[in-house]
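Protein chains: 2
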Amino acid sequence: MTSFASDELAELVEFAEELADIAARETVPMFRTNIAIDNKSRKAQFDPVTAADRAAERAIRDHIAAHHPEHSVRGEEMDDYAGSSPLTWVLDPIDGTKAFIVGIPVWATLIGLLDRGAPRIGVMDQPFIGERFVGTPQGSYVQGPLGARRLQTRELTRLEDAVLATSDPHNFHDPWASARFHALRERVTLSRYGGDSYFYCLLAAGQIDIVTDPGLDDYDIVALVPIIENAGGIVTTWDGGSPVNGGTIVATANAALHETVLDLLAG
Amino acid sequence: MTSFASDELAELVEFAEELADIAARETVPMFRTNIAIDNKSRKAQFDPVTAADRAAERAIRDHIAAHHPEHSVRGEEMDDYAGSSPLTWVLDPIDGTKAFIVGIPVWATLIGLLDRGAPRIGVMDQPFIGERFVGTPQGSYVQGPLGARRLQTRELTRLEDAVLATSDPHNFHDPWASARFHALRERVTLSRYGGDSYFYCLLAAGQIDIVTDPGLDDYDIVALVPIIENAGGIVTTWDGGSPVNGGTIVATANAALHETVLDLLAG
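Respectively, the protein sequence lines represent chains A and B. Using numbering that gives the first Met the number 0, the first residue of the first sequence is number 0, and each one after it goes up by one. Using numbering that gives the first Met the number 0, the first residue of the second sequence is number 0, and each one after it goes up by one.
Quick caveat, the hints were computed from the structure, so don't treat them as lab data. All C-beta atoms in this analysis are idealised placements derived from N, C-alpha and C, irrespective of residue type, glycine included. Keep in mind that a hint or two might mislead.
Claimed, not checked - Partial list, computed: chain B residues near chain A (C-beta under 8 Å):
1. Gly102
2. Ile128
3. Pro144
4. Phe171
5. His172
6. Glu185
7. Val187
8. Leu189
9. Tyr192
10. Gly194
Said to hold, decoys possible - Restraint ranges, calculated between C-beta atoms of paired labels, are given here:
11. A:Glu159 to B:Asn244: 29 to 37 Å
12. B:Gly138 to A:Ser83: 56 to 64 Å
13. A:Ala182 to B:Glu13: 45 to 53 Å
14. B:Pro144 to A:Ala50: 19 to 27 Å
15. A:Arg149 to B:Ser241: 43 to 51 Å
16. B:Gly138 to A:Glu258: 54 to 62 Å
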């Protein structure tokens, strides 16, 4: 893996934040505009999520093409672009589409940077609230309504004290995985649903101890890996593998807790 | 029911907003401070939710006592206070304690005003985001990051097109109620969890069509009734009764949809 020079790193972090700013100009004006025009057919309605998603990804890709045409790009809405550089941007303009549809401001724009396949920089941006989580090899931090601060995961290791989060328990369609999730849920002190990528950032911030979701795509998780890992957390698939290609993912606050959780999920 | 003179109404709305401002000074500094000090025992930990809840209710009650000692007060954390006036404030300093604990900014301060038992004014305030929903006999509105606007529910009437929300499907402990909730869930186009009082405000805003929760207390719902009703929505218990004392509550975007939903929930 390349080790960036610190000025190159700073420049790439700044560029990642620019991409988040550009996405926000497309997403925020579409948020909370989902008042149905008629009640005849949902299919005939204007779909602000898809429109905002595509407009934001288009704008991000244009900016990358203009400034770093050598960088590769993967995103939710459009075809992969292969550049000559070992760097690849992995984009999800609106992670948490259900939240966007219902008007809850916990959706986010996710911007990750892979270096030869390894997550190096991640940005999670919630522009309605004005809160942004950033992970880099030099640490993870948040900027938002309460100012800026560094992120650090919790040291808690007992399952019985842990706070668990998942986007939607009904997403565990596989009966075995659903049973394993509920076995975990019954052990922890508190479980919470409906947070999407926010949950992984709040794990990095020391608020949550375990986050798990099935069926994630690479663009759902790549940006979150540097935020989690550079705050002290661990993120893998349920069988302990790399999270970089998505799948059924679990993040925990520390290595000791991760081992306990993987054992329990294995059944 | 008394009909307020419009200057009396404006003064009471302003006072309700002052109470929300006062609560925010207590709650926001405690938000996202839940990093465990040790990992030995959760019980021994500092509990910022309870501390913030009590401090905010104390501050609200002091302000009411100083300016309107004749008003009655009911709140989550302290004993009822009976004044000489037919007006009663109903308070929940932090609705959505799970959200507060995990650091997701969808908790809210709820401030409702009953006039001889009927909800007349409601404020739902989310001070981290800086978003406030207000309902009065003159209409409902929101003020927040996108500016101010009036609230209006959706006209959608077909269940198959509807968006459903509930705080947590596992809260339906009663097997019959759980079965009826899932019968509803299977009919709608989208369901979403983990929003607490935000969901009722977003129903008022035309984003969500049906919100239902079991086991609500009066202080969970009283403030939301004026926000919902003055935006065109309907809120009752599952058997069509008044929501003022809490219970198993359902709110819908309009009367036609409400009838359909109550029929389905009755089984």
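So, going through the hints one by one against the coordinates:
Interface hint at glycine 102 of chain B: satisfied, since its Cβ lies 4 Å from the closest Cβ of chain A, which is below the 8 Å cut-off. Contact between isoleucine 128 of chain B and chain A, as hinted, is supported at the beta carbon level, the nearest pair being about 5 Å apart and thus within 8 Å. Checking proline 144 of chain B against chain A: minimum C-beta separation of about 6 Å stays under 8 Å; hint holds. Here the hint on phenylalanine 171 of chain B is broken, as its CB sits about 13 Å from the closest CB of chain A, past 8 Å.
Hint status for histidine 172 of chain B relative to chain A: violated, with the closest Cβ pair at about 15 Å, above 8 Å. Hint status for glutamate 185 of chain B: violated, given a least beta-carbon distance of 11 Å to chain A, over 8 Å. At a threshold of 8 Å, the smallest CB-CB gap from valine 187 of chain B to chain A is about 11 Å, leaving the interface hint violated. Here the hint on leucine 189 of chain B is kept, as its CB sits about 6 Å from the closest CB of chain A, short of 8 Å.
For the restraint placing tyrosine 192 of chain B at the interface with chain A, the shortest Cβ-Cβ distance is roughly 4 Å, inside the 8 Å limit, so the hint holds. The interface hint given for glycine 194 of chain B holds, since its Cβ lies 5 Å from the closest Cβ of chain A, which is under the 8 Å cut-off. For the pair glutamate 159 of chain A and asparagine 244 of chain B, the beta carbons lie near 35 Å from each other, so the given range of 29 to 37 Å is met. For the pair glycine 138 of chain B and serine 83 of chain A, the beta carbons lie near 59 Å from each other, so the given range of 56 to 64 Å is met.
Taking 45 to 53 Å as the suggested C-beta distance range, the pair alanine 182 of chain A and glutamate 13 of chain B conforms, at roughly 52 Å. Between proline 144 of chain B and alanine 50 of chain A the CB atoms are about 20 Å apart, so this pair conforms to the stated range of 19 to 27 Å. Separation of arginine 149 of chain A from serine 241 of chain B is about 50 Å and conforms to the stated range, judged on CB atoms against 43 to 51 Å. Look at glycine 138 of chain B against glutamate 258 of chain A: about 56 Å separates their beta carbons, and that is inside 54 to 62 Å.
Violation of the numbered hints given earlier is confined to hints 4, 5, 6 and 7; the remaining hints are satisfied by the structure.
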